[in-house]
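S.K.: Okay, here's what each chain looks like letter by letter:
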Amino acid sequence: MGVGSFFTSKLDEAIGWARKYSIFQYPFVTACCGMEYMATACSHYDIDRFGAGLPRFSPRQADVLFVVGTISHKMAPVLKRIYDQMTEPKWVVAFGVCTCTGGFYDNYATVQGIDTIIPVDVYIPGCPPRPESVIDGLMKLQDRIAAQTQRY
Amino acid sequence: MSPEPIRRDFMLGEGAGTGAGPGADPNLHIGLGPAHPAMHGIIRIQTELDGEFIRKADVEIGYLHRAFEKDCEVGGYNNAIPYTDRLNYVSPLINNFAYASAVEKLLGIEVTERCQFIRTVMAEISRVCDHLTCIAATAMELGAFTVFLYMIKAREYLWELVEDVTGARLTISYGRVGGVKADLPDDFAPKMTMAFKETREVLDEIHRLLTGNRIFMDRMIGVGALSREETIAYAITGPMLRAVGVGYDVRRAQPHWAYDRVPWEVVTQKDGDNYARYLVRMAEMEQSMRIAEQALALMPGGPINVDFEGKAIDPAAYVDQGKQGKTEGLLLVPIRLSPNLQGQNRPLHDRVNTSDKHVVLPPKETTYGSIEGLMNHFMLIMEGYGIRPPQGEAYFASEGANGELGFYVVSDGGDRPYRVRCRPPCLPPLAALHRMIEGEQIADLIPTFGSVNMIGGELDR
Amino acid sequence: MPGAAILQRLRDRFGGAVVASHEHRGDATVVVERAALLDALRFCRDEPGLDFDVLMDLTAVDYSRYPGREDGPRFEVVYHLYSIARNHRVRVKTRVDEDDAAVPTAVDLWPIANWFEREVWDMFGVRFTGHPDLRRLLLYEEFVGHPLRKDYPINRRQPLIGPKV
Numbered sequence: 001m002g003v004g005s006f007f008t009s010k011l012d013e014a015i016g017w018a019r020k021y022s023i024f025q026y027p028f029v030t031a032c033c034g035m036e037y038m039a040t041a042c043s044h045y046d047i048d049r050f051g052a053g054l055p056r057f058s059p060r061q062a063d064v065l066f067v068v069g070t071i072s073h074k075m076a077p078v079l080k081r082i083y084d085q086m087t088e089p090k091w092v093v094a095f096g097v098c099t100c101t102g103g104f105y106d107n108y109a110t111v112q113g114i115d116t117i118i119p120v121d122v123y124i125p126g127c128p129p130r131p132e133s134v135i136d137g138l139m140k141l142q143d144r145i146a147a148q149t150q151r152y
Numbered sequence: 001m002s003p004e005p006i007r008r009d010f011m012l013g014e015g016a017g018t019g020a021g022p023g024a025d026p027n028l029h030i031g032l033g034p035a036h037p038a039m040h041g042i043i044r045i046q047t048e049l050d051g052e053f054i055r056k057a058d059v060e061i062g063y064l065h066r067a068f069e070k071d072c073e074v075g076g077y078n079n080a081i082p083y084t085d086r087l088n089y090v091s092p093l094i095n096n097f098a099y100a101s102a103v104e105k106l107l108g109i110e111v112t113e114r115c116q117f118i119r120t121v122m123a124e125i126s127r128v129c130d131h132l133t134c135i136a137a138t139a140m141e142l143g144a145f146t147v148f149l150y151m152i153k154a155r156e157y158l159w160e161l162v163e164d165v166t167g168a169r170l171t172i173s174y175g176r177v178g179g180v181k182a183d184l185p186d187d188f189a190p191k192m193t194m195a196f197k198e199t200r201e202v203l204d205e206i207h208r209l210l211t212g213n214r215i216f217m218d219r220m221i222g223v224g225a226l227s228r229e230e231t232i233a234y235a236i237t238g239p240m241l242r243a244v245g246v247g248y249d250v251r252r253a254q255p256h257w258a259y260d261r262v263p264w265e266v267v268t269q270k271d272g273d274n275y276a277r278y279l280v281r282m283a284e285m286e287q288s289m290r291i292a293e294q295a296l297a298l299m300p301g302g303p304i305n306v307d308f309e310g311k312a313i314d315p316a317a318y319v320d321q322g323k324q325g326k327t328e329g330l331l332l333v334p335i336r337l338s339p340n341l342q343g344q345n346r347p348l349h350d351r352v353n354t355s356d357k358h359v360v361l362p363p364k365e366t367t368y369g370s371i372e373g374l375m376n377h378f379m380l381i382m383e384g385y386g387i388r389p390p391q392g393e394a395y396f397a398s399e400g401a402n403g404e405l406g407f408y409v410v411s412d413g414g415d416r417p418y419r420v421r422c423r424p425p426c427l428p429p430l431a432a433l434h435r436m437i438e439g440e441q442i443a444d445l446i447p448t449f450g451s452v453n454m455i456g457g458e459l460d461r
Numbered sequence: 001m002p003g004a005a006i007l008q009r010l011r012d013r014f015g016g017a018v019v020a021s022h023e024h025r026g027d028a029t030v031v032v033e034r035a036a037l038l039d040a041l042r043f044c045r046d047e048p049g050l051d052f053d054v055l056m057d058l059t060a061v062d063y064s065r066y067p068g069r070e071d072g073p074r075f076e077v078v079y080h081l082y083s084i085a086r087n088h089r090v091r092v093k094t095r096v097d098e099d100d101a102a103v104p105t106a107v108d109l110w111p112i113a114n115w116f117e118r119e120v121w122d123m124f125g126v127r128f129t130g131h132p133d134l135r136r137l138l139l140y141e142e143f144v145g146h147p148l149r150k151d152y153p154i155n156r157r158q159p160l161i162g163p164k165v
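One line per chain: the protein sequences are A, B and C, in this order. Letter 63 of the first sequence, counting from 1, is numbered 63 in our numbering, and no numbers are missing. Letter 74 of the second sequence, counting from 1, is numbered 74 in our numbering, and no numbers are missing. Letter 78 of the third sequence, counting from 1, is numbered 78 in our numbering, and no numbers are missing.
Just to be clear, a hint being listed does not mean it is correct.
[What the hints assert, rightly or not] Below, simulated DMTMM-like cross-link-like pairs (lysine to aspartate or glutamate); rule was C-alpha separation at most 25 Å, straight line: (1) LYS80/A x ASP58/B; (2) LYS80/A x ASP71/C; (3) LYS357/B x GLU73/B; (4) LYS150/C x ASP415/B; (5) LYS357/B x GLU141/B.
The set of hints was computed from the structure by calculation and includes no laboratory data.
Working from the sequences, and respecting the hints, build out all of it.
M.R.: As structure tokens, this is what we get:
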């Protein structure tokens, strides 16, 4: 209440602003969505201008887990392990309809949505999503990151 | 209840690499993948290292198994087309057309001339996209990030071209049994010229950046080589086979679509190492563009000259007229269709789809304007009806970007395929991968794996 | 060599072991008995004039729901062979029953058979006797059943972790 919470809320905003423009994503690329992820990350659509241009290929160094492409039941323990290895604060983006709900792979081999295994922050549907959708999802993720309050 | 996974230790095993004590394994066990930046798909390679050298490698696949073959049995023959897109997802048009051709072979029908040329043009554009992606990814892993950015830029131009034709950039579902979804748009030729011009400029730049580059050559020459006998014994086809000097290309050996009507060359190299595969792919891109340009120039059909009085009417008015019995000359009146049905009015439709009414949906004028057309449409769409090839089996081979892409389709006479088997062109190189990397250093695994061009969707289906 | 000639060579050499042969849609196909399978494949590979040096594909089909063949041998193991030098193809098939679903391995003839046979084991449950390492290729070891069999429902899930949604 009062002056103290003004400073912490301003600090929260500053930290949120800094975090949202320095996204180090772990692109957990499995399938066709990976091609659209590559297209979004490259010069034409360019997510580097959002501060998300540096993929970290180690979960220890990443803060956003982009799950790109179908997750099969064989791959699910690996995904969970990667998610567990990431340190807080971490966010998960379900990129592509296979990660949101399993897509049209309603069969014995496919996980019907990664939110059955790990918590998801932003869902980007599409098969594969157009780069504009990806950027829209990224911006929604940035809003979430910026709005996250810190626990002091 | 989910049991504790066995053999799934992604950490170093106990005692590995210590070399001390009885029974201790002196070799270091390192696992690459399944989540690894340099693995183009998800694959696990468990290596035993002696210093830097790989003594034994075990390759484990299946992390992207999505039950393609089982899913194809669930719906009709055209239902499998979106699943085939996602097989080799960097060159989806080739998969579509190869599957459609396999079913057409089973049916015993031929597609129209124009359709064959369209299939050739689009398949070659797809092949260029695939080789661009392969070389871009390989170069990126060797540190040449600029090459990756340039080649993806070129791929964007091609994808915009594909989007103009099919409506989507990547998973296009363009092929149909008996034809293609719609004809090429009117301004396709100048757009293709522009896209190829950009691609050729990029390839020129890449040649200057990579082909004579000391670092690239040192990392790729002599690495990952496979002898000619082994390549054949492992049923490896495609650029890897041509890199050892065997000039087998399905487009030349069993010509299909329009490949025998345009002049082009089969590209081969001698050494069979990663550098030879790179050179084969670069040269093949140029040949692909050559095929596409010549096929477009030779394409039959020409501009449509529709001779009609009055303007086009929309489908609702069409149906109303039909219902009221004002059918005189109705089928000749052009129809104004919504954009996602574009290409299904008669003049465009008949040019690219076979006229067999048991296989292909009728053009929209016929569907909306006559009862026979409506019934024909229903007989192909409704559950229990549809395309019904006679009992039998057929294998159709086409040249995918990685080699021979074969579809083996078995029909039981019903409207659903009884069995669809995709012969994956990148499975044999992966089966031989351990032969390519054993004896090499661990850092050589990266370019070797890149040159194999494993596509997870096709490998694991 | 035209398909009919290839089939004739095989029929001449193997006589009674050739159960059926046809050229439906231009694909030369021959069905041999399991006992003669390896000899037939070796003959195809080594015989001058045939020279089938490439095992293009090795797969299986489950005929238990095929109209007219529900009571016959359940699995048909299909080998697609190709000759680079002669540019001709042949399809060699053999039929096995469900309770005796075993076929001799072709690994000694073509090393690629290793992975193709592992996949057939994985998807259909057909064993390959003599195979050095017959384990699943595309699915995980904990998976129970063989999914491409006609009696495996497509969405019977066996997750390793997570709910059985």
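S.K.: Now tell me, hint by hint, if it's right for this structure.
M.R.: Outcome of the hint check:
Taken as a hint, the LYS80/A and ASP58/B pair is honoured in the structure, with Cα atoms around 24 Å apart against an allowance of 25 Å. Simply put, LYS80/A and ASP71/C have alpha-carbon atoms about 45 Å apart, too far for the 25 Å limit, and the pair is violated. With a CA separation close to 23 Å, the supplied pair LYS357/B and GLU73/B stays within the 25 Å bound. With a C-alpha separation of about 16 Å, the suggested pair LYS150/C and ASP415/B falls inside the 25 Å cut-off, and the hint holds.
Among the hinted pairs, LYS357/B with GLU141/B is inconsistent with the structure: their alpha-carbon atoms are about 51 Å apart, more than 25 Å.
In this structure, the earlier hints numbered 2, 5 are contradicted, and the remaining ones agree with it.
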